[in-house]
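S.K.: The hints should help you fit chain B onto chain A, whose structure is shown.
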Amino acid sequence: MIRHELTPSLKSNPRLNRWIAFLPDRTVRIATGKVEIGQGIRTALRQIAAEELDIPLTRVWIASGDTEIGPDEMYTTSSLSVSVSGASIRLVAAEAKRLLVERTARRLNCAAADVTVVDGSFFEAEETTGLDYWSVAPDIDWTVKASGRAELKPVKDYRIVGRETPREDLPAKVRGKGFLHDATPDGALHVRALRQPNPSAKLERLDEAAIVKAGGGAVEIVRRGDFVALVSANEWAVEKAAATAPARAEWSGLLDLPPEAETAAWLRGQPAVETVYGDGRPEVAATGETVEVTVSRPYIAHASIGPSAALARYDADAATLEIVSHGQGMHPLRRNLALALEINEASIHCRHADGPGCYGHNGADDAALDAAIVAMARPGQWVRSQWRREEEFGFEPVGPAMLVTARATVGADGRPKDWTTDIWSPVHVQRPGAPGVVMLAAQALRPLPPWGPPQDPPPERGYGGARNAFPLYDVGPTHIRHHMTERAPVRTSALRGLGALPNVFAIESLIDELAVKAGVDPMAYRLTLLGKVPRAQAVIERVAEISGWAARDAGGAGEGLGLAFAQYKNVAAYAAVVVKVTVAESVRLDGVWAVADAGLAVNPNGVRNQLEGGCVQGASWALKEAVKLDAGGIASRDWDSYPILKFSEIPDIVAEIIDCPDEPTLGVGECTVGPTAAAIGNAVAHALGRRIHDMPLTRDRVMATLLADEAG
Amino acid sequence: MAEIEFKLNGAPVAVKAGDDEPLLYVLRNQLGASSVRFGCGLEQCGCCVVLVDGAKAYACTLPAVSVADKLVETVEGLARPDGRPGPIQQAFLDEQAGQCGYCLSGMLMATKALLAANPTPSRADIVEALDDQLCRCGAHARIVKAVARAAGAST
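In order, the protein sequence lines correspond to chains A and B. Residue numbers 5 to 716, in the numbering used here, belong to the letters of the first sequence in order. Residue numbers 276 to 430, in the numbering used here, belong to the letters of the second sequence in order.
If you are wondering where the hints come from, they were derived from the structure by calculation, not from laboratory data. Treat the hints with care, as some may be off.
[Unchecked claim] Partial list, derived from the structure: chain A residues whose beta carbon lies under 8 angstroms from chain B:
(1) Pro175
(2) Trp240
(3) Pro462
(4) Arg465
(5) Lys650
[Stated by the list, open to error] Across the chosen pairs, the derived CB separations fall in these ranges:
(6) B/Pro338 with A/Asp634: 29 to 35 angstroms
(7) B/Glu403 with A/Asp634: 30 to 36 angstroms
(8) B/Pro338 with A/Pro189: 40 to 46 angstroms
(9) B/Asp400 with A/Lys206: 29 to 35 angstroms
Glycine is no exception: its CB is placed at the ideal position from the N, C-alpha and C atoms.
Okay, chain A solo, but in the shape it has when bound (with noise of 0.2 angstroms):
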């Protein structure tokens, strides 16, 4: 069933002209607050608007992340933008389409049943009306607030969500256009800042002669606090100037990092907010044999293919700021913009355009104040920053490192009678505005607000470090405690899923174990265990089927097959990964089949885009992936020192969905990411006859691996 009642977006954002506009050139503006980055959201939106109004997709247009037009929806994140903003702008569709045919009635003097809508034109009773949805939309108050109660278009009607739809954004990006990065405006200003090395460092003596020397004489500096900006006319000029400022600066308030922080068993110890979910006891825990894992995961980047970016112009007149951003909410954006810079809000325009892909909470907003502070001190002009390569690496937000142990208590008939887990993990996602959490820049410009403990997503948002923890296995009592780190050795924030990655990789790795001990096929052991879970046994039943389980033999012999499961926050898409690996002294991956349950799937192909990249990037993570640090921060600060899959290690992948259309839209964007991990780590356990705990899953840990069996 679609669902009736109003978004948490309609809540907060509920009048219509806020979501739908009919413009004079037949064509219907959607706004919404998501913004592409990567995913296809703009096309997935559109085909839902044009199927609940009954027109041709080519009527609809998308405007994304518009703090003047759009409505505020925070954040593009956790798999949320088709089944929230899609939702909204379905109910929006439907109740402008009935108030719309309730008017028409009115002036034709018939009942809303006689009147019918073809490609937005109006007939009553098969004859043509002369009105239509532009001509009668004058008529109608569109300030009024969405009721959420219009009916809806039966899914068995519709002709346009559910089809393969190709891309609106792809044919510009073929072209070399389309993205924030591909237009400068004429006579811009070049901006690459000198980041100040940590929030507490303070910049003591600058070489500034020597660094417009290096720029070749075409080099301006803008100070503001600890805040250091090289601008220029002349691009080269100003990159050349910014790759010698860090050597012509000296800061007092350095960091001085033990070279153990840089790993997730460091967590462990840490002062921590502790925090207990679940509803077992371990002390009221069954008896019998315990099994246990415990992994772990080191912080990892976003690592955006391009630098983060933005546009900006003060008007010092009007006293307003315009901003061209390819963050993920231009809402919250806009009122992080006027907190660092001291300005009103109201004051300031933001918009998106289309970014390198970012995965989470990368340096684009953090860009976007850059600019803004130039462009105060140059008004009138456009100002473009754009961050260098050791700079999106090494001040952008990692995504945490975790360590996570989970045991289970076993029954005589070989399953779980209880689950406990321990979460170690830094916080997950410190957007500005948390507590003692400001804009990259702004740390450079007044001291740091107080320090306030950091502030996972709550519960009712899919939690930080335990989101995925809770397995919808059949396991007993759970009991899951998360010991969130006070003080995290670097800025860490939202990266695609969270601590799903690890739990799952925990979870899975552990059922993985319990099979073996069971003497049960992990396949078959993983579907007793969810008996009450049909959807979730679907797409286990399924990927065994495509990937060819029912043929994996003992393992052992360098060859493995891994399978993995989960639904994304317990509430997102139900996602089962199988891989095959070759482990000779490093790990291949030989096949990936993915098959995911998403409800409705608004644009097949879209979603499986989706699953496919989610494999890619869970492999690279569980594979290859590592931030490193040095006393003074993140010392990887380039693809060398940061290595992530490449195209000779990856192999074909086979995505599947299940099409449950009379099921609500379930997210994708993150749902393949754990399981693909989580198989790929069951995969070399089976490989080897042995697990390895820690990721990445690197040649230097099969070999050590490897050494031990020789040894033992």
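M.R.: Relative to chain A, chain B alone:
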């Protein structure tokens, strides 16, 4: 500053560039070739790949003065004369081979270089030709299919 003349996608152009200025800044900021994207400035990611006299080159480090009198090709030159997407571009669209799409300029030009040298590449040939091109979204499997499709279309 040096004055340089070269051909960009077949058309003669003349620019002034710093003696050490990489081709990328000249193409983007003077010649409107926005497809040539900055990714790393280190020859590590392949976002900026262009063809110089038919060979793959990293515009982010290649000094502009070194292309004097040569032919530089970018994505802006891939479309058909009537403006429709060229065969390689169309193959990427047909496979929906991209997520964010930022890496695609480099992918398209690396594909052009591959197909010029080897019109019927195997999967292994495609993977080898693209292995220095990074994609962060995980569109690799689709990109490999798109290159194979482009090869089929051009033969």
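S.K.: It remains to establish, for every hint, whether it holds in the given structure.
M.R.: A quick look at each hint next to the structure:
{"no.": "1", "hint": "Pro175", "result": "6 angstroms, holds"}
{"no.": "2", "hint": "Trp240", "result": "5 angstroms, holds"}
{"no.": "3", "hint": "Pro462", "result": "29 angstroms, violated"}
{"no.": "4", "hint": "Arg465", "result": "25 angstroms, violated"}
{"no.": "5", "hint": "Lys650", "result": "5 angstroms, holds"}
{"no.": "6", "hint": "B/Pro338 with A/Asp634: 29 to 35 angstroms", "result": "32 angstroms, holds"}
{"no.": "7", "hint": "B/Glu403 with A/Asp634: 30 to 36 angstroms", "result": "35 angstroms, holds"}
{"no.": "8", "hint": "B/Pro338 with A/Pro189: 40 to 46 angstroms", "result": "27 angstroms, violated"}
{"no.": "9", "hint": "B/Asp400 with A/Lys206: 29 to 35 angstroms", "result": "55 angstroms, violated"}
The structure does not agree with the numbered hints 3, 4, 8, 9 stated previously, though it agrees with the rest.
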